[in-house]
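These protein sequence lines are chains A and B, in that order.
Quick note on the numbering used here: the first sequence kicks off at 766 and runs consecutively.
Quick note on the numbering used here: the second sequence kicks off at 21 and runs consecutively.
You may find that some hints are simply not true.
[Unchecked claim] To be clear about the criterion: a stretch of chain A counts as covered by chain B if any three or more of its residues have a C-beta under 8 angstroms from a C-beta of chain B, and this derived list gives those stretches:
#1 926-938
#2 971-985
[To be verified] Computed list of chain B residues with no C-beta within reach of chain A, every gap over 10 angstroms:
#3 VAL91
#4 ASP130
#5 ASP150
#6 SER193
#7 ARG311
#8 GLY325
#9 GLU343
#10 SER421
Rather than coming from a laboratory, the hints here were simulated on the basis of the structure.
No residue lacks a Cβ here, since even glycine has one placed at the ideal position from N, Cα and C.
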Amino acid sequence: MNKLNDRFSTIMLTTALFIVALMYLFPIVWLLLSSIKPGSELFSYPLNILPENPTVDGYVYSWSTMEFIKYFINTLIVAILTTVLTVIASATCGFALAKYNYKWLNVFLICMLATTMLPTEVIMTPTFSVILDLGLYDSLAGLIIPSINTATGIFMFRQYFMTVPNDLLESARIDGANEGKIFFNLMLPIAKPVVITLAIFSFQWRWNDYIWPLIVLSDPNKYTVQIALRSIVGADNIDWVLLLSSSIISLVPMIIIFIVFQRYIMDTSATSGLKG
Amino acid sequence: MKKLFLMIFVLISTILVACSGSDNDSDASSNTDTNGEVMQFYVSGDKVEGSALTKMSEKYTEETGVEIEVVDVPYSDMVTKITNMIRAGEPPALARVTGFNSAWDGQLMDLTQIAEDNNVMTDMGITVDDQLVAPPLDLTAVGMFVNKDLFEEAGVSYPTSEDDIWTWDELISSINTILDKTDAQYGMVMDNSDHRLNAFLYQHGSKGFYKEGDQYTTNEETKDALEKFMELNDNTIMPKSVWTAGEDASSMFKSGRVPVYMSGSWQITDFAANIEDFEWESVYMPYEEVRATNLGGNYLVGFEGSGQEEQAREFMDWLYQKENYEELATYGGYLPVTEDAEVEYELAPEAYTIYQNEIAASDPIASQQRNELVKKQLVSKRSIGSALADEVINALNDEQSVDDAIENVKNEMTDAYVE
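So here's chain A without its partners, still in its complex pose (with noise of 0.2 angstroms):
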């Protein structure tokens, strides 16, 4: 009876699975068989999903139009200096914020958590303003420096932390262990699940982020990934070869990086969730 219950809810569970997977997987191919279309099939009438005559002509004329080694140089160091960036500021205020105990510490916690009640499109005139003054308009340190914080990275690893038993930290400490030591040493290493979440999180927040590096690079040599796609969009028409081919051509770095780090990223969710 019991192995039948299991056979079914396996079934069962697996079937949902493939259907997920296909509503997830679904566009993802529409676009790729796109933009292997000449124009001329994309908008016919009846609509097939497969391609009549597949021609690569598209990603051709993508790559001669677009730049994109440069727009991907451009992005890479704008996501990893953030990321590690990132990782590392808030690590350490996330263990400050657990293990130490001041008086003022909760309100700062509570300030910082208040940030995150306001969207980036809110404080983004004053954000803005101080790049501006910053002189860091139009360079991609003003694309970094203002993302380097964020509250959601602090609040992970405050709680990660405040589930490491403080025995730990003392038994550190008496066998003379200073603070840094005890951060770098102990801290961090058992909060890799932590670091690995918030580095991927973070990497692709800066790869797909588009408003704010709209508003601060004026340079085209500066342009990101994303802003250089936008810029496809014209008038009062698009050119949905280009904008096809050149969505799957923007995709492909994501892709590598994921093939790359797979075991981790798997990892990390398995991981996480357990502690959770």
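Could you slot chain B onto chain A? The hints should help.
This is chain B only, laid out in the frame that chain A set:
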């Protein structure tokens, strides 16, 4: 472990310093640019339009050695972008724009001389205090496309010369025949836009919305025309979804299931390259009271305070010269704005002829109104986006009557533009 972190830390700081260092470098180099090398030209949609301006800029560099960098900015963010650059005290040298912001007022170069020297149609530009601050760079016009196959299948004809222009009633009866005899899904589509709707209104004798005394008003024909437009949106002749739900009219026409599409000259290059399943053609638009189109297109502006005003002037003067301008218009498929230009279009040249005739025959109201509205963006503190389209959409959704819609547009314009 500690060493590792120390190393990472040192590495990051080095990269950061290097990064900010290179920023300083580029700042320094852009300072030298100001004195004589790379000049930035902000445009949107150049890649879509055959990279026409990029090619011309390269040609200019070859001839004179002055480098021009064409910066392609997303169309919908162009005005915000340039306004921000002006705010940052770093306006671009040149830009090609369709809209303006009041923050630009007083920052634009007076281009009267350049325009007059090169026979540019100055009445299509924006003149503020007797200074031509934004001459036209290219022209687009509202026009109509038909699906030739559907017309032939149903055995109905459409005008092929200016001698037998059709009326709206004739067009609608042709559409009804096509709907009966073929498997066409709808009769016609029109882009969801103020600009296209205004052309429709002018053709029905409307004078648009204009200032009378201290408020904006319109004539009786506007109401009749809008009521007719509402009737056409009956999900048989015109699908309601295009205006109320934002369905893409252009792709509906490209699917080959809609015989008539009211859009404009900017579609020609796309259709010529991307429609193969059926024959399409540009046709003369029907009229009711008068023949009318609506003009659009880009303006060329130069900014004071870029530090490159002289080079910008020289480039603009060069660009408007007859032979260079003709080359630009050929690459981009633009309708010309200089009086003596003769452009040989590569794709669908007959379609361009129709547009040129259409503009010549159009009631002057179209160009007057358009210029006035664009100028308002520059000199008024507030500007209204697409008031007419928004109100008409509300009316199409049965949220208000046509009378209310007209009343609201009048009020919005009065609030925004009457001091």
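Do the hints match the structure? See the list:
Note: the stretch 926-938 of chain A has 0 residues with beta-carbon separation from chain B under 8 angstroms; the three-residue rule is not met and the coverage is violated. With a cut-off of 8 angstroms between beta carbons, the stretch 971-985 of chain A has 5 residues touching chain B; three or more are needed, and the interface restraint holds. Chain A draws VAL91/B into its interface by the beta-carbon criterion, the shortest separation being 5 angstroms against a cut-off of 10 angstroms. For ASP130/B, the non-interface assignment is confirmed: its Cβ lies about 25 angstroms from the closest Cβ of chain A, beyond the 10 angstroms cut-off.
The beta carbon of ASP150/B sits about 29 angstroms from the closest Cβ of chain A, which is more than 10 angstroms, so the claim that it is off the interface holds. Under the 10 angstroms C-beta cut-off, the non-interface status given to SER193/B relative to chain A holds; the minimum distance is some 25 angstroms. Its beta-carbon lying about 22 angstroms from the closest one in chain A, ARG311/B satisfies the requirement of being farther than 10 angstroms from that chain. The Cβ of GLY325/B sits about 15 angstroms from the closest Cβ of chain A, beyond the 10 angstroms cut-off, so the non-interface label holds.
Under the 10 angstroms C-beta cut-off, the non-interface status given to GLU343/B relative to chain A holds; the minimum distance is some 26 angstroms. Its beta-carbon lying about 30 angstroms from the closest one in chain A, SER421/B satisfies the requirement of being farther than 10 angstroms from that chain.
In the structure shown, a violation is registered for the earlier hints numbered 1 and 3, in ascending order.
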